[in-house]
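**Student:** Sequence:
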Amino acid sequence: MQPPDITRLFKGARNEFEVEIVFAEQANQSPKEAHTYDEIIVVTDGVIELERSDREGIETYSKYDYIFLPKNTVHQIMAKEVPVKVVIIHPDRLE
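In the numbering used here, the protein residues as written are -11 to 83.
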């Protein structure tokens, strides 16, 4: 399985603001991970499933849905209906 195509942009004096643009194919998935900073996910196309440690079960999101993940939330994103295009925002990576 090929990993998703990710482009990252860092801004700010200490590169504290990050935006990721993600294009994913069928069955691509992110690593199961947590961050020390908040994360905002915006689905711009396709359907994803999200497993997260602060909720039961797997949630499904589609075009124009957005998700807020508080810092230290273990999560994993899975592409379900392609093309999947997602924008991931880390507004303060240095927290």
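Honestly, the hints are just simulated from the structure, not real lab data.
In this text the structure is predicted, and so the values were computed from the model without any measurement.
There may be inaccurate statements among the hints.
[As the list claims (entries may be wrong)] In silico DMTMM-like pairs for lysine to aspartate or glutamate, Cα to Cα no more than 25 Å straight-line:
#1 K51 - D33
#2 K(-1) - E39
#3 K73 - E21
#4 K59 - D80
#5 K73 - D33
**Student:** Are the Cα positions of K73 and D33 separated by 25 Å at most?
**Tutor:** holds (5 Å)
**Student:** Tell me if the straight-line CA distance from K51 to D33 falls inside 25 Å.
**Tutor:** holds (5 Å)
**Student:** Check the hint pairing K59 with D80 against an upper bound of 25 Å on the C-alpha distance.
**Tutor:** holds (10 Å)
**Student:** Is the hinted pair K(-1) and E39 satisfied, with a Cα-Cα distance of at most 25 Å?
**Tutor:** With Cα atoms ~29 Å apart, K(-1) and E39 exceed 25 Å; violated.
**Student:** What's the verdict on K73 and E21, does the C-alpha distance respect the 25 Å limit or exceed it?
**Tutor:** It holds: about 20 Å lies between the C-alpha atoms, which stays within 25 Å.
Checked against the numbered hints above, the structure breaks only hint 2 and satisfies the rest.
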